[in-house]
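Which chain is which? The protein sequence lines are A and B, in order.
Counting in the working numbering, the first sequence runs from 1 upward without gaps.
Counting in the working numbering, the second sequence runs from 410 upward without gaps.
Calculated directly from the structure, the hints in this document are not laboratory data.
Warning: the hint list may mix true and false statements.
[To be verified] In silico DMTMM-like links for lysine to aspartate or glutamate, alpha-carbon gap of 20 angstroms or less:
#1 K222(A) <-> D149(A)
#2 K529(B) <-> D545(B)
#3 K399(A) <-> E327(A)
#4 K396(A) <-> D485(B)
#5 K83(A) <-> D149(A)
#6 K396(A) <-> D484(B)
#7 K222(A) <-> E148(A)
#8 K399(A) <-> E487(B)
#9 K112(A) <-> D205(A)
#10 K396(A) <-> D466(B)
#11 K396(A) <-> E312(A)
#12 K396(A) <-> E327(A)
#13 K399(A) <-> D466(B)
#14 K399(A) <-> D485(B)
#15 K399(A) <-> D484(B)
#16 K529(B) <-> D5(A)
[As the list claims (entries may be wrong)] Stretch-level coverage of chain A by chain B, calculated; a stretch enters the list once three of its residues show a Cβ under 8 angstroms from a Cβ in chain B:
#17 1 to 8
#18 321 to 327
Using N, Cα and C, we set each Cβ at its ideal position, and we do this for glycine too.
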Amino acid sequence: MTPLDTFRFAWRALRDNRMRSGLTMLGVIIGVAAVVAAVAVGQGAAASVTNSVGQLGNNLLYIVPANPRLGPGEPSGLTQTLKPSDAEAILARCANTVSRVCPMVRSSVLVKAGNQNWRTTVNGATPSFLVVNNFTISLGRQLNQSDEDARSRVVVLGKTVVESLFGSKNANCVGLEVALNRVRFKVVGVLGEKGTNTFGENQDDMVLIPLNTALYRVLNQKHVSAISVECRSSDTIDLAQEQIISLLRRRHRLSPPFPDNDDFTVLSQAQLLKIMQTITGVLTILLASIAGISLTVGGIGIMNIMLVSVTERTREIGIRKALGATEANIRAQFLIESALLSIAGGILGVLFGGGIALIAARISKWNITPTLESVLLAVGVSAGIGIFFGYWPARKAAKLHPIEALRRE
Amino acid sequence: MSLITLRDIRKIYRMGDQEVRALDGVDLTVGDGEFVAIMGPSGSGKSTLMHILGCLDAPTSGTYHLAGEEVSAMDDIELARIRNRMIGFVFQSFNLLPSYTALENVELPMVYGGIPNRRKRAEVALERVGLANRMDHRPNELSGGQQQRVAIARAIAGEPRILFADEPTGNVSTQMGEEIMQIFQELSDQGITIALVTHEAHIARHALRLVQVQDGHIVADSPIRRRILAREWLETPENLTTGILEL
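Construct all of the structure, not just a fragment, from the sequences and the given hints.
The structure is reproduced here in structure tokens:
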């Protein structure tokens, strides 16, 4: 008997039990699809994070408030330790390493134009905001220092806000009036479109107003949410970081031990990248292990069905043995059956998982592509699972005694 | 020349504490071209004997030579080869694969044997048993008699030297049983060796030699004197109503 004959017998048996074969494959399909999609999404997320953190520029530092009692995870809105004067001091005292500073506040705000309402994020920041964060102006003008000094009620809108309030992204709204938490503002410009950032946040869904206006006319507070610092060179970024830390410790009159008693955190791009990569790495491992578990469950499903199949087909096995099939013939047929199930399941799972990855790519706008490695791994593993979990049932079938097998109904 | 030689064959089953001696010292010699009927009541050991002869079961002790080879010393692969090449088997319950067509069922043993032209051979065998127009039917589309004829075609397609039949007429009508016996007699006339197990005297009388088994022993072994020829029997329709017991 040739291997092709064995293959034909196996194929025939699977075809004769279409429903069962399909359901058995489903376990593997889901497992493999999960692996392929999880790895693709995980790697897409990692690539996206690396890319967008990279885009921030490697000469930026971020200073965020921290509560020494609670650690850096504390929501910055509740920690009131950074002031606009800190930013001015940094620019003045660290001028050899720092080129620009941008103190800013963030808050949620209700924007109104006519009878249209839109809840969005308001960023109050100094004019350097646009340069430091790579924003552009698509319409009108940007905010300037005289707006800042006069605490002017002027606003620059993001594209999403324009679309929500005026019906179209390209609506010319410069010169119109909008209300931010019932305070009337004049629209002076529209930001260029930027898309989603690292954290999945739509960067076009925000409005920008002068920092002083935000602090004194909208939010009534004295502290800022963060200070972005642009350094003169990426080579001196470590030096800048040290200077800023010691400056702020002095200004805030902090006493050792450090960094435990620091009421702020200075993050560089490299540190942000490291944190984000750790997060996405953990995410990928988590997704992959869930996927791996479901693949194993799929494999056990195959074993289960093959065992049932051997019991149910005892008589068929008896007939085949009586007609001259050797143990090896029977074992090969059952092994090929389970391998076929898992390989077919693996291939369908790759297609299915690839589809999920593509949909995820559409939604997240991340660059998600199923990698060849994950495809080969998933198909290889599923074939391995088919043979591994199929071996015991196949052996059981092969060892059946012809007479006892024939007696079974 | 003897094709089959059994020497002191014993088959002992253990059922709990009890020892069941299904075969208890059987000696039997069957020559090439013989047509032997093995008869005996239920539990006499005739089916066990048939399974051992057909290499489906191994004896507990004793020696079995088939065409000069010692079967009792063979491993799984050699036994499979003997069953495949040397032996054709016809069962009482047909034992066809339900999802395979008649033709595919007949091809099956030849697939395991790696025999060339198996489609052609299978067609010839099915024509031989009168099922040329039923080749693509599945077993559940065939009558019992037709299924048994497919099984006979399957047994003879690979041209074995011996045909073993275990109650081949047990599950079919009298008429069909007679037609099946006619095929056996024709095969016997062509020189193939046949051993047939039955508990019906009428069926046994189609053979040439009768071996009677009881309690694991051969109790009688003689030629059949008044042999029934199936062809003649079928030409006499009133035969179908004979054999009714009148009390």
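Hints, one by one, checked against the model:
1. For the given pair, K222(A) sits about 16 angstroms from D149(A) by alpha-carbon distance, which is consistent with the 20 angstroms threshold.
2. Of the pairs offered as hints, the one joining K529(B) and D545(B) holds, with about 14 angstroms between alpha carbons and a cut-off of 20 angstroms not exceeded.
3. The hinted pair formed by K399(A) and E327(A) meets the criterion: a straight-line CA distance of about 7 angstroms does not exceed 20 angstroms.
4. Proximity of K396(A) to D485(B) is assessed by CA-CA distance (about 15 angstroms); at most 20 angstroms being required, the pair is judged to hold.
5. The straight-line distance between the Cα atoms of K83(A) and D149(A) is roughly 16 angstroms, inside the 20 angstroms bound, and the hint therefore holds.
6. Of the supplied pair hints, the one linking K396(A) and D484(B) holds, its CA atoms being roughly 18 angstroms apart against a limit of 20 angstroms.
7. Proposed proximity of K222(A) and E148(A) is supported: the alpha carbons are some 15 angstroms apart, at most 20 angstroms.
8. Our distance criterion of 20 angstroms between C-alpha atoms is met by K399(A) and E487(B), whose separation comes to about 15 angstroms.
9. Simply put, K112(A) and D205(A) have alpha-carbon atoms about 14 angstroms apart, close enough for the 20 angstroms limit, and the pair holds.
10. For the proposed pair K396(A) and D466(B), the alpha carbon gap of about 18 angstroms is at most 20 angstroms, so the pair holds.
11. As the CA atoms of K396(A) and E312(A) are separated by approximately 12 angstroms, the hinted pair is consistent with the 20 angstroms bound.
12. A distance of roughly 10 angstroms separates the Cα atoms of K396(A) and E327(A); the hinted pair therefore holds under the 20 angstroms criterion.
13. The suggested pairing of K399(A) with D466(B) holds, with an alpha-carbon distance near 13 angstroms, which does not exceed 20 angstroms.
14. Using a Cα cut-off of 20 angstroms, the hinted pair K399(A) and D485(B) holds, with the two alpha carbons roughly 10 angstroms apart.
15. For the proposed pair K399(A) and D484(B), the alpha carbon gap of about 13 angstroms is at most 20 angstroms, so the pair holds.
16. Distance check on the hinted pair: K529(B) and D5(A) sit about 17 angstroms apart at the alpha-carbon level, within 20 angstroms; holds.
17. Check result for the region 1 to 8 of chain A against chain B: holds, 3 residues qualifying (beta carbon to beta carbon below 8 angstroms, three or more required).
18. For the region 321 to 327 of chain A, the proposed coverage by chain B is satisfied: 7 residues have a C-beta within less than 8 angstroms of a C-beta in that chain, meeting the threshold of three.
In terms of the numbered hints stated before, the structure departs from none.
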